[in-house]
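Keeping their order, the protein sequence lines are chains A and B.
So the number in the working numbering is just where the residue sits in the first sequence, counting from 1, plus 150.
So the number in the working numbering is just where the residue sits in the second sequence, counting from 1, plus 150.
Watch out, some of these pointers could steer you wrong.
No copy labels: a pair is met if it fits in one copy or bridges any two.
Stated by the list, open to error - With a cut-off of at most 27 Å between alpha-carbon atoms, the simulated BS3-like pairs for lysine-lysine come out as follows:
no.	residue 1	residue 2
1	LYS355	LYS513
2	LYS306	LYS508
3	LYS508	LYS258
4	LYS354	LYS407
Derived by calculation from the structure, the hints in this document are not laboratory data.
Spelled out, the chains give:
2 protein chains.
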Amino acid sequence: MTTDYRPMWTKLGLNLEGHDALLGVLGQLYQSTYLSQKNRPAGMGYLDFVMSEVHGLRIKELEDAKATGRKVVGTFCVFVPDELILAADAISVGLCAGAEFGFEDAEKMLPRNTCSLIKSFFGFKLNKVCPYIEASNMIVGETTCDGKKKAYEIFKGIQPNLYVMEVPQMKGPQDKELLKSEYMRFKVELEKLTGITIDATRLKKGIALVNNRRKALYRLAALRAANPVPISGLDALLINQVAFYDNPERFTESVNKICDELEQRIQKGEGVFPKNTPRVLVSGCPMAVPNWKLPSIIETSGAVIVGEESCVGERGTQNLVEESGDTVDALMDAIVERYFKIDCAIFTPNEARLDHIKTLAQKYHADGVIHYALQFCSPYVIEAYPVEQALIAEGIPTIRIETDYSQEDIGQLKTRVEAFIETHTCPK
Amino acid sequence: MTTDYRPMWTKLGLNLEGHDALLGVLGQLYQSTYLSQKNRPAGMGYLDFVMSEVHGLRIKELEDAKATGRKVVGTFCVFVPDELILAADAISVGLCAGAEFGFEDAEKMLPRNTCSLIKSFFGFKLNKVCPYIEASNMIVGETTCDGKKKAYEIFKGIQPNLYVMEVPQMKGPQDKELLKSEYMRFKVELEKLTGITIDATRLKKGIALVNNRRKALYRLAALRAANPVPISGLDALLINQVAFYDNPERFTESVNKICDELEQRIQKGEGVFPKNTPRVLVSGCPMAVPNWKLPSIIETSGAVIVGEESCVGERGTQNLVEESGDTVDALMDAIVERYFKIDCAIFTPNEARLDHIKTLAQKYHADGVIHYALQFCSPYVIEAYPVEQALIAEGIPTIRIETDYSQEDIGQLKTRVEAFIETHTCPK
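Isolated chain A (complex conformation):
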């Protein structure tokens, strides 16, 4: 970094000492996890740059935009429709945190038996090390799981600009109505925040922007069906992670460039790992930056990840919003239709997710599925059982991993993952 961002960080109220410590760890981890990979696509240089400037240039962009009157909206969940945020000319940034930082402080307010993702955003906030939280004009929580729903009540005490959106728990007509009324309420809130009335033209533009980003991510996902696989699971995950806070046009363009390169690789039969490397689908909880623990273990244990059934992955991006409507109401309905299909474990029943996992495993020719759940994430930890049953019934090898953000269980996880890969895959 050549620019000195310290004045900006100070202005945002960051604790520079803690922030330096966090950036130091992040930099080292990125070096050892990402930059040490072999055969990376050249297009990943863009992601390397984004990551090197994740608390620098991108925050400066947010601050510059705010100086022109635009607003920044921080979110924690794929149920919050970016289309509406963009339609209000605001900037959407993902706030989920993926590092064990400030957990001791978080545990003064939250039970120890709280999932790492929640403790992490509390820890980041309490220690003033997240410029995205501090730069946000409005922060959107949601009632997805008990942990987040109840933790937000406490969070609001330290983050007064928190707004909470309700998400339904079933898929009946009354639930779709509830989701629509919540999206309408959110629209009004965004209009209040930005002073902009979200009309059909703005909404269509927002929808197109987000759809284009999704299309680029689908294109990337589809290319991973090739053998050899043209991009590592770690790199693909990073792209999905960065999707949550990068500028959407620039990001979409960069992903499409990477896809052009991957197509050439496939044509030439080039891959990031040797042909017939055992292929794994990872399914379960989202992985926020820099939670690369499990993918890193998998891809240094002789396998390659070919897909993510995750909010940071295809659960989060599947299905486009229908763009043909011409009125606000028709477009809002189209947005509701799309988001209502998300097969998150917060829904009951949630058969669609089991089907989606099986479909992805087939589509990407996975040899097995690794189900990943954050400890104390009840929806995914409990749903791991029906997922396992469904995969066993299909003859798809599977293993359940439950872990947190600590580094202590890496050895044990590696042993389990290696054994799974050795047992359930054979050279083709």
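With the hints as your guide, set chain B onto chain A.
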């Protein structure tokens, strides 16, 4: 027991050996917890009888009623409106289980990090020791917490007559609509089950029955404000527990008789514990039979429990249904209004509960509040923090207890409870 219920239990498919073991433990526990108490009201003889016949006579009543064509509906939550069940001439029984039984089997399907209440009803089902589950024609689950919501999906595999009702998570107009649509859906389901159309007359009768039961329980609760306290917290809890499965008319009559007796006691200045015994309000998770662990610890540590802010207590019974409506729609609206006020920790925000706890503490002249949460019950475990903050702000001494159904922590809990009572109460 003089009657041989074994043929009935066999017919219900119970595992007699396991069931004998369970009844043996229950009988011993009842003896040591309840019958060993001093100065009990004579009216508690009714409860002693009910408990001695809890798997006998009451089950026979259910089976006899079923033989005449009536249906039995088993429930797990105070959001399931008994008024509708009774209006369909069906019998409502509570199914929450309060004993560590069959947990090993439950943990084959559920994560170990699941609350004891859920593991317990799984354990009872898997071991075929609960005649109420086996006697039920329909079992109603609900989407209150992540644990139950997701566990019911697995439970349905072993209990196909399970029906799941959605409960909202916030208190906006859209949530009241959702609750109403769910109650209408439940009404239709009950009509299908029983073949009875729920008209206004039937609904009014169901509402009156449940209101009368509530009124008797309020009367009981109010009498506990006296000093000395005329009834132990253990006995009052038992009455609230039995409310969930006893015949409502008979139960209401028996509670009113006990209240008559308690009024006489109060007039004479008689109590179950000496005057000025330290007074405690218990607030938090429900306690299902035979989960008497914490109340027993409290009342053998020099204090008396004067109220329960709990589903099995005043959170479950507060507020009556307005009876004045004359149409099904008006009466359904009245039911929705009443249930929508329940201040369960599943709602966000849930300020009403904090107010209710403070009100109860004042009303019953509590010296302190013991917040009780089942381990891994995220809504109550997380809400314990704001509850504590609110009570500290009011100068009300409070302690947070987190436990499960095991007996292992009794010594430790007793030490903490004794210290709390000694520190925060002084002889008046």
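How the hints compare with the structure:
1. LYS355 with LYS513: Neither: 31 Å inside a copy, 58 Å across copies.
2. LYS306 with LYS508: Only across copies: LYS306 and LYS508 sit 22 Å apart there, 39 Å inside one copy, limit 27 Å.
3. LYS508 with LYS258: between (41 Å within a copy, 23 Å between copies)
4. LYS354 with LYS407: within (25 Å within a copy, 68 Å between copies)
Violated hints amount to a single one, hint 1; each of the other numbered hints is respected by the structure.
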